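Student: Here this note's numbering is used: the first residue of the sequence shown is 241, the next is one more, and so on.
To be clear, the hints were calculated from the coordinates, so they are not data collected in a lab. The reader is advised that the hints may include incorrect statements.
Straight-line alpha carbon distances no greater than 30 Å define the calculated DSS-like cross-link-like pairs of lysine-lysine that follow [stated by the list, open to error]: (1) Lys523 with Lys508; (2) Lys513 with Lys542; (3) Lys542 with Lys465; (4) Lys408 with Lys762.
Please read these numbers as outputs of a predicted model, since none were measured by experiment.
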Amino acid sequence: ALRHANLLFESPRLGGLLETLEVDDLIALLTILSNPNHDLALAQILRSPLYGMNEAQMQMLSELVQSNRGYRNWWEALSHANDHPYADVFFGIAQQLMAWMELAKHLPVHDLLDHVYYSGDIRCKYASVCQPRDRDQVLANLDAFLELALNLDGGRYPSLGRFISQLKQMRRGDQDETPDEGEMRGEVPLDDEGDDVDEGDFDLDTHSIAHRQQRIRLMTIHGAKGLEAPFVIILDCNHTAITNPGRGVLLDWDPDHEAPNHLSMFTKLSLSKAREELVEQEKQIALHENWNLLYVALTRAKQGLWLSGVESARHRQQGGLVPDSWYERSCEGQVPVFTELEETSNAQTHSIASEPLTTSETSFDFPDLVLTWHGTPSTSLETQALGIDEQRRMQEGEWFHQILERITPSQYRMADAIPDPQSLASRLGIDEVSAERTIKRAHSVFTSPELSSLFNPESYRNAWNELDVVSEDGRCLRIDRLVEFDHELVVLDYKLSIPEQADPLYTQYQQQLGRYCQAVRKLFPNKLVRSLLIDSRGRGANLLN
241 ALRHANLLFE SPRLGGLLET LEVDDLIALL TILSNPNHDL ALAQILRSPL YGMNEAQMQM
301 LSELVQSNRG YRNWWEALSH ANDHPYADVF FGIAQQLMAW MELAKHLPVH DLLDHVYYSG
361 DIRCKYASVC QPRDRDQVLA NLDAFLELAL NLDGGRYPSL GRFISQLKQM RRGDQDETPD
421 EGEMRGEVPL DDEGDDVDEG DFDLDTHSIA HRQQRIRLMT IHGAKGLEAP FVIILDCNHT
481 AITNPGRGVL LDWDPDHEAP NHLSMFTKLS LSKAREELVE QEKQIALHEN WNLLYVALTR
541 AKQGLWLSGV ESARHRQQGG LVPDSWYERS CEGQVPVFTE LEETSNAQTH SIASEPLTTS
601 ETSFDFPDLV LTWHGTPSTS LETQALGIDE QRRMQEGEWF HQILERITPS QYRMADAIPD
661 PQSLASRLGI DEVSAERTIK RAHSVFTSPE LSSLFNPESY RNAWNELDVV SEDGRCLRID
721 RLVEFDHELV VLDYKLSIPE QADPLYTQYQ QQLGRYCQAV RKLFPNKLVR SLLIDSRGRG
781 ANLLN
């Protein structure tokens with residue numbers, strides 16, 4: 241209804257980022273870069289604002305696949321067919337996707353998305369097809385997805401397949417545990433002559449508040465606690481949320497007691513008199529909380545308050561009012577009932593729904609980030625590409641890190657037990673042979689006599705796993721494990737193997753550990769800081785003598 245009336249609104253959905261259309265398109269794009277034979281994902285991105293193919297082009301692609309030309313899927317038809325009217329369009333799309341596929345082989349997901357956003361002009365494409373009322377939120381969601389790629393596992397693991405797998409797990413999880421939609425910042429205002437307002441004269445935070453005040457805010461009553469607005473409308477008030485469950489759990493637990501006084505499960509047939517008293521107590525508590533919630537809802541309004549509800553067919557004799565509903569309580573409390581004013585000759589009406597909602601010929605401005613690269617760009621990807629063995633080694637290193645993070649105790653969480661191969665394979669999405677090899681490596685480290693003091697809480701003061709620190713030049717570093725003793729701190733870095741001194745990796749690891757130690761010394765200037773490189777056999781090497 242709000243969209244039809246062309247009214248701006250804001251609905252902050254908790255955990256709703258991955259369910260938005262624009263983010264779903266980006267997930268489909270990443271799926272294609274990982275597996276181009278996925279027809280449904282390819283069709284989605286081709287029809288989306290990413291490429292905006294029309295019905296005729298989509299129909300042509302479908303006919304090519306169904307023809308007897310040997311195309312097994314949509315990707316083969318898109319990238320190889322050249323005897324049709326849209327060959328140039330299809331070839332251009334395929335070339336861009338193939339370039340991104342090559343980058344996906346060796347770039348971390350965040351860097352890959354950053355490149356896709358820039359080279360594909362993603363933000364502008366979505367901004368140009370959005371209605372003005374939705375543009376801020378769509379752009380905020382695109383930015384939030386890019387930020388998610390950086391924050392997930394600290395952006396340290398470049399595996400695209402792993403990232404997609406984690407997104408699928410998030411989608412299956414609870415809403416409270418999935419990422420929220422992006423926070424809108426508001427469009428950049430223009431001065432009287434139509435130019436952007438100078439940065440020195442424009443406070444983006446102040447403008448964002450004013451921009452949000454022009455929108456209808458859809459909120460739950462719990463989410464509106466502590467907030468006020470000139471006008472408040474409470475929807476769906478003609479029903480009662482207090483029901484009589486036929487089964488449930490009874491819990492009587494005084495906060496001052498260590499254990500509950502009563503805990504049991506019940507059905508209607510199994511309720512005894514003693515338990516009926518507890519059920520009645522819970523009903524009274526629920527009724528009291530319901531009254532409190534109504535009070536919160538009523539007191540959000542400064543000037544005007546509207547309550548609406550749907551007439552109940554079951555309660556026609558009561559005028560359609562549901563007994564003990566908020567609407568019925570308000571009527572009993574003699575809250576003034578709104579009546580529409582009679583039309584007069586002096587009345588003025590303003591129609592907003594009749595205005596066409598078009599964006600194709602509408603110019604707009606939105607804030608964007610422009611970076612200038614002063615280095616020398618690479619002209620070839622061959623020197624950066626990783627072979628199959630290197631990629632496999634990188635994945636095994638990722639699994640090795642993840643299991644060590646879970647089975648070693650730290651300041652903020654207890655250690656998990658070493659899992660069995662089947663459960664680890666299910667958790668990481670790998671085969672049981674790889675899981676068994678990973679467990680064996682982690683067990684060698686955790687039970688090594690040489691390293692026992694680094695994992696036994698009785699031997700040290702504090703320990704942190706996956707600790708983020710910032711270097712002097714502003715770089716974000718992540719330390720695998722930092723252990724604090726009385727007089728020193730030990731920086732641990734996990735590797736599958738310790739290279740020989742002649743190996744270039746030896747110097748690279750030296751520099752990496754040196755940066756870690758330097759950052760830790762800034763945090764603990766009064767303690768000695770040393771480092772250990774730990775391999776999958778449970779051996780430690782001090783590369784910084």
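Student: The structure should be examined with respect to each hint, and the outcome stated for every one.
Tutor: Evaluated hints:
At most 30 Å may separate the alpha-carbon atoms for a hinted pair to count; Lys523 and Lys508 meet this at roughly 15 Å. Taking the CA atoms of Lys513 and Lys542, the gap is about 47 Å. The hint is violated against a cut of 30 Å. Restraint check: the Cα-Cα separation between Lys542 and Lys465 comes to about 14 Å, which is no more than 30 Å; the hinted pair holds. At roughly 39 Å between alpha-carbon atoms, Lys408 and Lys762 are farther apart than 30 Å, so this suggested pair is violated.
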